[in-house]
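A.B. asks: If you read the sequence shown in numbering that gives the first Met the number 0, its first letter stands for residue 0, the second for the next number, and so on.
No wet-lab data here; the hints were simulated from the structure.
Keep in mind that a hint or two might mislead.
As a list, the in silico DSS-like pairs of lysine-lysine whose alpha-carbon atoms are at most 27 Å apart [stated by the list, open to error]: (1) K125 / K210; (2) K205 / K300; (3) K42 / K12; (4) K65 / K281; (5) K87 / K338; (6) K234 / K82; (7) K288 / K87; (8) K210 / K234; (9) K41 / K82; (10) K264 / K281; (11) K264 / K93; (12) K264 / K87; (13) K375 / K354.
Label pairs and their computed distance ranges (CB to CB) [unchecked claim]: (14) L16 / N217: 25 to 35 Å; (15) E239 / F20: 45 to 55 Å; (16) S366 / K125: 49 to 59 Å; (17) K70 / R275: 31 to 41 Å; (18) K300 / N67: 39 to 49 Å.
Heads up, the beta-carbon is just placed ideally off N, CA and C, and yes, glycines get one too.
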Amino acid sequence: MQKRIYCGNRPTKLRLLFIDFFIDFFYSTFGDKKNKERVFPKKFLLFNFGHIGDMLIMGYMINVLKQNFPKIEIHLVAGIWCKELIEKNELFDKVFYINHCGTNRSSSSNFAKFRLYLTDIFAFIKTQRNEFYSHSFDFRYSGHNANILLPFLNIDRKIGFGTVGYGGFLDKEYFIPQQNSHTIDIQAQALSNLGLSINSKLIQPKIFLTKDVSNLLNIDTQFFMIFPEAGARAKMVNHELWIRIIDILVEKKDNTKIIICGLTKYSNELIVKLSRKNYHEKIVDAIGKLSILQLNSLLEKSLGAITLDSFPAHLACAQTRTLCLFKDGFGLEYLPINKFPVVVIHNHAPSKNVKDFRPEMNIEYISSFENTDSFKDIYQGLKNLFKLN
0 MQKRIYCGNR PTKLRLLFID FFIDFFYSTF GDKKNKERVF PKKFLLFNFG
50 HIGDMLIMGY MINVLKQNFP KIEIHLVAGI WCKELIEKNE LFDKVFYINH
100 CGTNRSSSSN FAKFRLYLTD IFAFIKTQRN EFYSHSFDFR YSGHNANILL
150 PFLNIDRKIG FGTVGYGGFL DKEYFIPQQN SHTIDIQAQA LSNLGLSINS
200 KLIQPKIFLT KDVSNLLNID TQFFMIFPEA GARAKMVNHE LWIRIIDILV
250 EKKDNTKIII CGLTKYSNEL IVKLSRKNYH EKIVDAIGKL SILQLNSLLE
300 KSLGAITLDS FPAHLACAQT RTLCLFKDGF GLEYLPINKF PVVVIHNHAP
350 SKNVKDFRPE MNIEYISSFE NTDSFKDIYQ GLKNLFKLN
């Protein structure tokens with residue numbers, strides 16, 4: 000058996016090693032010994048307890064899977080926060096929801112999250128009594144996975160990652176490469192079992208979302224879209240940087256509006272500061288007003304977008320020209336998969352030498368977003384990407 004390489008600090012690794020020792024012993028003694036190397040693909044069960052950005056990226060790989068196995072039935076298990084993205088999505092024949100307490104970002108207490116998680120698990124297992132799958136795939140390699148559920152399900156061949164424990168429940172176990180790698184190249188290991196070769200440099204981002212042109216803010220002129228929020232506060236930049244960027248867009252592009260998107264007080268405070276500008280009539284407040292389907296439709300019509308390291312970055316890069324400001328992120332691992340020209344400016348030191356990732360993607364490293372000199376790179380990115388005079 001391959002030596003396990005766990006994610007986490009030393010106490011976490013020791014705990015996982017201890018748990019896996021007993022799982023391995025149990026399965027080597029009492030487990031199913033039949034040969035599962037050659038299981039014919041019939042029906043797949045996919046797990047992804049990540050957030051919306053993780054789900055969007057996974058969809059690119061599932062599109063390749065469907066192209067190669069068009070008659071396969073695919074069931075998906077995910078968190079309810081991904082509902083807009085996966086409900087009525089043609090990639091998935093059936094969707095089940097388990098709200099993992101470790102990735103649930105709601106304002107509920109930890110106890111309430113854990114109780115909901117257990118309730119969801121029991122409800123899901125109950126629905127699976129008469130379901131039989133040829134394969135299961137879990138694409139989570141560094142976050143919370145579903146390996147612990149596998150003994151309760153009817154699956155011929157279980158494939159996933161052992162880096163966060165319970166790998167003994169898998170028939171084929173993968174790990175994170177030691178070298179700096181993109182998330183698609185890491186996750187695609189699981190699909191290599193089916194003879195699929197998926198590469199982050201070549202895969203095409205296809206968005207499977209229905210069109211929603213309702214309530215598109217009644218904008219009758221060209222516009223840019225600004226996404227000033229990220230899932231973690233540490234990944235966000237100050238208001239002053241956003242205002243400098245918007246100043247340039249308004250000055251260099253006549254008859255252009257700026258749509259400010261977001262969900263929290265941070266974006267509302269930015270709107271208040273922009274209301275004091277002499278161009279305030281060009282600012283469109285879309286905070287908390289648009290669904291993912293509407294965002295997708297607007298991005299297709301926009302002149303471009305400016306985002307942080309978040310779900311909107313991945314969505315925007317598949318639909319329009321995008322400037323990505325990736326502060327305190329993971330560098331190469333979560334670079335967006337683009338269909339249009341993109342500029343990525345980041346401060347991830349281990350990825351500072353990454354320059355050639357995908358066609359029409361320019362990647363620039365800066366030491367700090369708080370450094371005054373770094374704005375020169377941001378300005379140059381704006382100028383080149385959006386053809387500003």
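A.B. asks: Between K264 and K93, is the straight-line Cα distance small enough, at 27 Å or below?
C.D. replies: Violated: K264 and K93 sit about 36 Å apart, past 27 Å.
A.B. asks: Holds or violated: K288 with K87, Cα cutoff 27 Å?
C.D. replies: holds, 22 Å
A.B. asks: Take a quick look at whether K234 and K82 sit within 27 Å of each other, Cα to Cα.
C.D. replies: holds, 25 Å
A.B. asks: Is the hinted pair K264 and K87 satisfied, with a Cα-Cα distance of at most 27 Å?
C.D. replies: Status violated; Cα separation ~31 Å.
A.B. asks: Regarding the pair K125 and K210, is the alpha-carbon distance no greater than 27 Å?
C.D. replies: Between K125 and K210 the Cα gap is close to 34 Å, so the pair fails against 27 Å, i.e. violated.
A.B. asks: Does the alpha-carbon distance linking K65 and K281 stay inside the 27 Å limit?
C.D. replies: Violated, because 43 Å separates the two Cα atoms, which is more than 27 Å.
A.B. asks: Has the given pair, K87 with K338, been kept, meaning a C-alpha gap of at most 27 Å?
C.D. replies: holds, 24 Å
A.B. asks: Is the gap between the beta carbons of K70 and R275 within 31 to 41 Å?
C.D. replies: 59 Å Cβ-Cβ, so the 31 to 41 Å window is violated.
A.B. asks: With 25 to 35 Å as the target window, see if L16 and N217 comply at their CB atoms.
C.D. replies: Given range 25 to 35 Å: violated, Cβ gap about 59 Å.
A.B. asks: With the threshold set at 27 Å, check whether the alpha-carbon distance from K375 to K354 stays at or below it.
C.D. replies: holds, 18 Å
A.B. asks: For the pair we were handed, K205 and K300, check the Cα-Cα distance against 27 Å.
C.D. replies: holds, 17 Å
A.B. asks: Given the proposed pairing of K264 with K281, does the C-alpha separation stay at or below 27 Å?
C.D. replies: Status holds; Cα separation ~21 Å.
Comparing the model with each numbered hint stated earlier shows that hints 1, 3, 4, 8, 11, 12, 14, 17 and 18 do not hold.
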